[in-house]
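A.B. asks: Each protein sequence line maps, in turn, to chains A and B.
Quick note: the first sequence, position 28, residue 28 per the UniProt record's numbering, numbers continuous.
Quick note: the second sequence, position 159, residue 159 per the UniProt record's numbering, numbers continuous.
Simulated from the structure, these hints should not be mistaken for lab results.
None of the values given here were measured: they were computed from a predicted structure.
Any given hint could turn out to be false.
Since the list gives no way to pick one copy over another, a pair counts as held whenever it fits inside one copy or between any two copies.
[To be verified] Within a straight-line C-alpha distance of at most 27 Å, the following computed DSSO-like cross-link-like pairs (lysine-lysine) qualify: (1) Lys-18 to Lys-119; (2) Lys-208 to Lys-54; (3) Lys-208 to Lys-171; (4) Lys-244 to Lys-208; (5) Lys-244 to Lys-151; (6) Lys-3 to Lys-244; (7) Lys-208 to Lys-56; (8) Lys-18 to Lys-3; (9) Lys-155 to Lys-244.
Protein chains: 2
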Amino acid sequence: MFKFPEHQIAGHLALGGKLGPQIDESGRFCKPLQEDERGSREVAFYEALYSTSKVKKQILRFFPVFYGTHIIEASDGSGLHPHLVLQDVVSDYIKPCIMDIKIGSRTWYPQASEDYVAKCLRKDRGTTSLSLGFRISGLQIYQGKKSGYWKPDRKQIQKFTADDVRSVLRKFVSSNQLGDSDHKPDSTPACYMYGGFSGIYQQLLELKSWFEEQTDFHFNSCSILLIYDGESEKNGGNPQSTIKLIDFAHVFDGNNVIDHNFLGGLSSLIKFISDASATQLSKPKWLDAPAA
Amino acid sequence: MFKFPEHQIAGHLALGGKLGPQIDESGRFCKPLQEDERGSREVAFYEALYSTSKVKKQILRFFPVFYGTHIIEASDGSGLHPHLVLQDVVSDYIKPCIMDIKIGSRTWYPQASEDYVAKCLRKDRGTTSLSLGFRISGLQIYQGKKSGYWKPDRKQIQKFTADDVRSVLRKFVSSNQLGDSDHKPDSTPACYMYGGFSGIYQQLLELKSWFEEQTDFHFNSCSILLIYDGESEKNGGNPQSTIKLIDFAHVFDGNNVIDHNFLGGLSSLIKFISDASATQLSKPKWLDAPAA
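Just chain A, with the same shape it has in the complex (with noise of 0.2 Å):
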């Protein structure tokens, strides 16, 4: 039995008749494989990174599990089609915040046509990607029970300044820090040091150190995703902060260069999230709410 995924912040959406990925009851998220060489790609990408014994198990954790490709029904009705079979990576989280985060300044690769370089070339100029090598493509932060997530929409998200992506990511680190509204704001610092954020701060870290040394592929057009639990405080035995890559659509042969648009680029958003964590330890939120 598959459904649409509910907590699909970016990408293609099955919603309305249209090709979009499913899940299945077990965690499992069908993608529909795309029919040009974007789709072989991506199957190559998994296949190589499965089948390496360069990628160490630390560094396989960010990325999606691949149980391999499927023939399923497409979600628009048009019959049976190929899809990738990945680990569904929020179905474990009650209330998944997450942000889907495109890197790198550069989103075309050096053996694209002209016009796809050109296409890519007017976003990434469009959007923050060129200024701060990195574009935010998707968010939703769960606001607690009452106002439940916040979730711009695409156009909203595709006119982000950099103060907006700043702002964006101080509210990310907040909510997370301060967790739902009835939360005291005196567990704050422990639970920013301790709690779900800084997994992800430091999972940052490590996949950067990855990126100054692996030089097998070059992620073009690729997207980190960030995922805490809204109700984590609740539940301790929620699922860990995580990061995750994912489409893999255009990957190539890094042809023993290092991936420095990758790496530049979330050298860039490590230190938006450093910054971002700093004002909200330094200044925290009730400190700026109107007197009652």
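With the hints as your guide, set chain B onto chain A.
C.D. replies: Quick look at chain B alone, frame taken from chain A:
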């Protein structure tokens, strides 16, 4: 008394009656100010660099000392012209081995005109800038008394492929490692570990740490010079190997974002140099020599 720099390996040359830099006997390098905004931006950068307390001494040593601007006779005989007065960074070296490496997979800056962007992009794609995150712009390597300097011409350098860059870096590392051809091979490990080149490698790592944090400047189209003395083994009192950043006509305000383009390219260069050194260490040059 001014003369033309003997060891200039890239940039505008004063030779042949053109406008170019001149050096004086006290070790100062006078670089003609470009008349458009590039000139004023370079002066503004040096002034900002030395006036802000943010840049520590440990980092300032990676830049040429700046003595201000001065109006002197231009090298092309056109009369008085304003010049930047800088430290001549190679004046203390007996046989300077130098590499000029332009950092960044992108040499254009976001604010540039479409024509300028297109021109730079073409050059970045036509050289190793796009693929490696840097390109070699000039070099000279001292090969001993008999052979003198190896100094390929600009056209040759512009055509360097990734493999050429690898081999040139190995040559650069190994010349320093083994020194003059009359050095005994068994002095290699100590020479490599404590000699000139490891100094350069350590400095690059220090510079990288700075780029992971600093958000004041974006260094578009800047170069790093790697410099060591080809005669250092014979002269205990020689200056240390060093790196120097040069060419700041396209430096812009960082707007609280790290220079991810420079950082990515620098990280790639560091990996290349580390690989070149490792190859040299594991397979010393004399093992490759044909049996006598």
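A.B. asks: Take the hints in turn and mark each one as holding or not.
C.D. replies: Each hint tested on the structure:
Taking the shortest alpha-carbon separations for Lys-18 and Lys-119, only the intra-copy value of 24 Å comes in at or below 27 Å, while the best inter-copy value is 41 Å. For the identical chains of this complex, Lys-208 and Lys-54 are neighbours both inside a copy (16 Å) and across copies (26 Å), given an alpha-carbon limit of 27 Å. Proximity of Lys-208 and Lys-171 under a CA criterion of 27 Å is satisfied intra-copy only: 24 Å inside one chain copy versus 30 Å between copies. Both within a single protomer and between protomers do Lys-244 and Lys-208 lie at most 27 Å apart by alpha-carbon distance, with minima of 13 Å and 26 Å respectively.
Taking the shortest alpha-carbon separations for Lys-244 and Lys-151, only the intra-copy value of 19 Å comes in at or below 27 Å, while the best inter-copy value is 47 Å. Taking the shortest Cα distances, Lys-3 and Lys-244 sit within 27 Å of each other inside one copy (22 Å), while across copies they are farther apart (59 Å). For the identical chains of this complex, Lys-208 and Lys-56 are neighbours both inside a copy (14 Å) and across copies (25 Å), given an alpha-carbon limit of 27 Å. In this assembly of identical chains, the alpha carbons of Lys-18 and Lys-3 lie at most 27 Å apart only when taken from the same copy (13 Å versus 72 Å across copies).
Proximity of Lys-155 and Lys-244 under a CA criterion of 27 Å is satisfied intra-copy only: 24 Å inside one chain copy versus 44 Å between copies.
Violation of the numbered hints given earlier is absent; every hint is satisfied by the structure.
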